[in-house]
Amino acid sequence: MFLIYCPHCEELREEEEFHPKGQAHIVRPADPEACSDEEWGDYLFFRDNPRGIHHELWVHAVGCRKFFNVTRNTVSYEILETYKIGEPPRITAESLASDEVQGKVQVASSGQQTVGATNATVETVKGEKA
Amino acid sequence: MSEQTATWFNHYDVRPQSEVPAESPLAWSYRKTGRPAVSQQSRVVLRERAMLGHLILRGGAIVLDEAVRRVLGFGLPGRPNTLTQDDDGQRSIQWLSPDEWLVIVPGGEEFALEGRLREALGDARDTAVKNYAIVNVSGGQTLIELEGECARELLMKSTPYDVHPEAFPVGKGVTTVFAKANLILRRPSEQRWELVLRRSFADYCYRWILDAGAEYAIGVDA
Ligand SMILES: [Zn+2]
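Protein chains in written order, with UniProt numbering: chain A, 1 to 130; chain B, 1 to 222.
Pulled out of the complex, with its shape left as it was, chain A reads as follows (with noise of 0.2 Å):
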């Protein structure tokens, strides 16, 4: 079993009855007709891959039809948080780059952050705020 927590629903379930939507917090251009192509194809487009923390969303496909998002390791595809929509992360690459200088975080061998130490982890998937 791989429970996920949805935080409209309070509770951690089934891997089974999530979606994932990719990126999160894609802003829509204010004023569109004074983007650049460029700009506008960027916001189309272009998604972030990157090796580590990513900010997704999600939908709880089966449960309450509800998008949230998820803060994911995309490395050790643990998810640290889950979050509703207009809300900011908790977990971000620069927040654990700043634990990992103050010794909160083990580093893997190959440089890769991972969550260790901290128990950011547990306390977010029970949904508790610290």
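Hints are supplied without guarantee of correctness; some may be wrong.
Stated by the list, open to error - Simulated DEER-style distance windows between Cβ atoms:
| # | chain 1 | residue 1 | chain 2 | residue 2 | range |
| --- | --- | --- | --- | --- | --- |
| 1 | B | Y204 | A | N49 | 50 to 60 Å |
| 2 | B | Y12 | A | R65 | 20 to 30 Å |
| 3 | A | L12 | B | A37 | 37 to 47 Å |
| 4 | A | L3 | B | K157 | 48 to 58 Å |
| 5 | B | P106 | A | E33 | 47 to 57 Å |
These aren't lab readings, by the way, just hints derived from the structure by calculation.
Remember, predicted model here, so these are calculated numbers, not experimental data.
Glycine is no exception: its CB is placed at the ideal position from the N, C-alpha and C atoms.
Given chain A's structure and the hints, the job is docking chain B with the ligand onto it.
Same frame as chain A, but now just chain B with the ligand:
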């Protein structure tokens, strides 16, 4: 903005008196697959409660709660994935999503209920924050009950959702995966599980349940 808000709706009886008989989504399955009889050995009993009134309510919880309290005498469930019922368990409201609830009432009540709810919500249409929708989905789904000592075991074979009493207490209800389809699974009382099946999945789910229940000598209470 408010001038552009549609304030009209079609409120009509979807099941008028007519020569065309209304049929449950399982009518075909009963003819094609049949109904194994309930026997002494049956450790699961399936019972359809066909032709109930199903309404979907959408909108803000506070406004809708006020209206259903006035009309039905009990409020919306306060927590996600729970349901509320009236005293004799004939009428229920289930949380489906943060702005969506399923109301189930005895068959034939839904038309009048929709009218009374719209009346109670009347002024609510005047402001944008109070937008709401009521949709009669009675024809699109049916409700079946599972009872018996092995009902939970049958569910465990069919859904990834945890149906252990600790995870699934009385009063809970969820939309989840069932076999390779999905349905609404609810537990209105200690002994009884309720499954709300969509019409298009009804035959598949019915045959799945009979197959999964074969080892418990499942019977269909006609
Ligand atoms: Zn959900």
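Hints, verified against the model:
no.: 1; hint: B/Y204 <-> A/N49: 50 to 60 Å; in the structure: 39 Å, violated
no.: 2; hint: B/Y12 <-> A/R65: 20 to 30 Å; in the structure: 27 Å, holds
no.: 3; hint: A/L12 <-> B/A37: 37 to 47 Å; in the structure: 40 Å, holds
no.: 4; hint: A/L3 <-> B/K157: 48 to 58 Å; in the structure: 19 Å, violated
no.: 5; hint: B/P106 <-> A/E33: 47 to 57 Å; in the structure: 56 Å, holds
Comparing the model with each earlier hint shows violations of hints 1, 4; every other hint is respected.
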